[in-house]
Structure formats: C-alpha cells, structure tokens
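Chemist: Each chain, letter by letter, is given below.
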Amino acid sequence: MKKFLGITLGILTAVGGFVDIGDIVSGSQSGARFGIAHVWVIVVGVVGICVYAEMAGRVTAISGRPVFDLVRERLGPRVALVNLLGSYAITVFTLGAELGGVALALQLLSSAPYLTWVPLVALLLWLALWRVRFETLERIFGLAGLALVVLVVGVFWLGPDVGALRHQALHPGPVPGETWATYWFFAIALFASAMTPYEVFFFSSGGVEEKWTPRDLVVARANVFLGFPLGGLLAFGFMVNAAVVYHPIGMRVDTLGQAVLPAGMALGELGIALIILGVFAATFGAAMETGLSAGYTVAQFFGWSWGKLRRPRSAARFHTTVLVSLLIGVAALLTTIDPIQLTEYMLIFSAVALPLTYIPILVVANDRHYLGDRVNGRLANLMGVIYLVIVVAAAVAAIPLMVFTRVGG
Amino acid sequence: MALLIGFDLLDRQILDRDGFPVGKVDDVELDDELRVVALLTGQRAFGRRIGGVLGRWIGAAAARLAEKEPRRIPYDAVDHVDAAVHLSVRAELLPPPALEAWLDQHLIRRIPGAGE
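Going down the list, the protein sequences come from chains A and B. According to the numbering used here, the stretch in the first sequence is residues 1 to 409, in order. According to the numbering used here, the stretch in the second sequence is residues 1 to 116, in order.
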C-alpha cells in the first residue's frame, strides 16, 4: 500500500508535469496542422524524460541530495550560476504559462474573462504552497488529472479515419501546404514540452523530502517508467483529437476552447466537463510544481533550507523566492500577453535551455563519488549520450527555426 | 584528513547534525600552514569568491540585506564529509543566516500560518 501511494508522486509529476499547458498547446496545434505526423516525437520525448528522470531519481536515492544541488559542485560556481539564471528564468516563464492555462480553463467554465481569474488563481496557488499538506494536493490533482483519459477514449466516438491516421504516423514529414521548417519547429516544441526541465528538479527534490534511500529505488523507477509514459499517452490524446477533428478541414487551434472541444463532440457535456476538470488539474498541478521548482533551484544553489514539508519560518528565503516567482508570473500575464502565445515562446526558450539541465545530470550520474557502484550502466550512458545529442541539436535549431518560420507561421 | 579543498569542500552543501541545510561552502579560511580552519558561507563570501561584476553585485546585494560578514563555521564543528559536509552541531548553535532572519522578521512571520 505504501508503495502504491509512493507511485502517486510519479503520477502527479506525469500528469501535472508531463501534461501541462505546453503539451496541450503543442499537441493540439501540431495535431491540427500535421495530423499525427509528429507522434514519434512524443515517443522520443517520453523515452528521453524516462532516461534522465531515472538518473535523477537514482542520484537522489543514493546520495540523498537533489540533482540541482550537485550541479554547482561539479560545474563550478560560475558555470552553475549561469545555469541557475537560465533554469530559473525558464521555470518562472513556465509558471506564468501554467497560471494562464488554469485561468483559461476557468474562463471556459464561467465565461468570465481569464484575466479576472489570474489574481484569484495566483492567490489559491500561493495558499496551496503555503499551507496545505502537499501529499493531499498531490493525490487530488494526480487523480483529477486522470480525467484527461476522456480524450483517449473519446476519439473512438469521433469516427476517426484510421487509414489517414496510420498514413500520417508512418510518413513523418510536412503535409501539403506545410514546410519542413514548420514541421521541425513543432517537433522541437513538442520535444521541449516532453522534457521540460522543472520536471526533474521537482522529481528529485520531492525524493529528498520523502527521504528516499537506495531501497526506494524500485518505487522511484516505477514512478518514472509508469508515470511518464502515461503522461505521454494523455499528451497524445490532445494531438490525435485535433488530428481527427481539425486537420481534415484545415483549421488551426489557437485557443484552449478549441483544444477541448473534440471531447465535447465525442462525449457531450460530460466529456467537456471532464476534460476541463482534467486541464484545470493538470495546469494547476504543473503550476504548483513550477512554483516550488523556482524556489528549489535558487535555494539549492545557495544552500538555503528549502522544502514544502518545513514550516515557512524554517525556510523563509525559500518561501520568499516562491512568492516572488509567483508575482513575476502574474505580472507577465497581466501584460495581457495571450497565454497560448506565452506557452509557445516558453517551449522554444525551454528547448534552448535543455542542455543546461541535462548535461550536468549525465555528469553527476557517472560520478562514483556520489553513486558508488550505482553509477550509470552502459545502457543508461548510451541512451544518455544519444539524448544529449538530440537535446543539443534541438537547442541550437530552436531560435533559428522560430525566426525563420515566424513562430510556426 | 587529506581533502582536496577545490574538489571535496568548495561548493558543497553543509548540513547540521540533523540534516538541516546550513549553507554552501562558499569559501574557506586557511591558517599560515594552509590548513582549513573555518568554512565561510553566505552570499557575501560567494560574491567575493566568484568576483567580476556579477560577484560584486551579489556581494553588494547581500550586504544591503543585512549580511555584514560571511558566516564562519569553525572546522572543528565538521563531523565528516561525504556528498555533503556534515556538522557535529545543530544549526541553532551557529550564527543565523542574516538574510533568512531578515526575511523571517519582515515578511514571513507576519503571514498567518508561518510557524505551523
């Protein structure tokens, strides 16, 4: 039973972390424009996050230390400081996008404009991070996020053209009317949404707070290898629904309402209600994770006390950082930037910053000083190096493609 | 105990005897025979060590926020060093981190529920 509960950490990380506003936007947009011709990117992304989250979990379980904490020891203070600035900026950027996602979900429910919801959502989020027992939240949002399963089930009610979907999946590349540049632009956005850096910060910091030991490695691995693929399946749900509903009529997805509509077409009001609940839970869960992760990165770099299990007075600097990060996220949204656009930019800049997160993890996971004989085996290193090449290629290509395609065109 | 200062001490997390984070080893203090006599921690020590514009900026910001001197932890208080530097004392016996105290006093403790 205890093991079963431990796995909810993985499910929350997967549903709130794997499926967040980034996956909803990139999955729906690429589904509408390219059908499921990007499905392989989701598979590549899921395997990548599994490879690196397993390393991060192992480092944490053996050394008792969160990954970001070790980065500074191994990269030196200057490089690590640059890493901190990049990671922190991306995490706060993501926090803003997730908050916007929650507000958009509430707008769909209430028809009150999303901007009026932003301050309220931010207040709720801060209260959640300040007071509520995190384990409770973890379970509530982990389970509510599973409502997104309606997407995967609902697609069968939409009468999908299976032949066309199979053709798209087996012939990756731009469909008529699209170019290779836009195809790769969306591929990078999808890849970045699968490998968002805050997932590993959150995952390994959570492990430290739950006091993982080498004996918890089994649970940590179960979290990774069950949770992330499940999250990937839900992200695929958004892609395939958009591919079935919007792609044949050449329509693009620019709003959250369009992204959730297919579930309503398939399953009626119940479908709409469930998917909005799922979107709310996934984005709110991700907002909690990014808010905490912003605090984790800064506190762990400077060696401050941190954690959601400590009372705030024992971690004043950490809680102040979380609060300030939240205010920055709110301020970004109050510029009235469209949260969907904010998400698109966030994904591209995440792609640029991915090497900052994943190179140090690969280095630390090979360090016998921390891991003894539990360092990476051959398979983990082979996969790690392959993904490092992919991550660096995506980082290099992201900005040129963004400029060349004018953010996807 | 033979340790490489650069590799085994600097930038390592310091934990008290109960595992409570105390700070990073931002710098060390040596005696005339180049033995480590104390660990220095805090943003001032950090800023001084990395130098440059950013280092000066971090140091100045820390000074402004009540951190007059780096916190000094005598090396006698170190119990052992593994993935972290473990102290043999509790964090309360050390000088409190200035920024933590300042933020606690002016912000965090004024918010309901901070002590629970």
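Errors might be hidden in some of the hints.
One side only, chain A facing chain B, incomplete, derived with CB under 8 Å [claimed, not checked]:
#, residue
1, 64
2, 183
3, 184
4, 210
5, 302
6, 366
If you are wondering where the hints come from, they were derived from the structure by calculation, not from laboratory data. Cβ coordinates follow ideal geometry from the N, Cα and C atoms, glycine included.
Chemist: Each hint needs a verdict: does it hold in this structure or not?
Modeler: Evaluated hints:
| no. | hint | verdict |
| --- | --- | --- |
| 1 | 64 | holds (7 Å) |
| 2 | 183 | violated (40 Å) |
| 3 | 184 | violated (35 Å) |
| 4 | 210 | violated (13 Å) |
| 5 | 302 | holds (6 Å) |
| 6 | 366 | violated (15 Å) |
Violated hints for the displayed structure, listed by number in ascending order: 2, 3, 4, 6.
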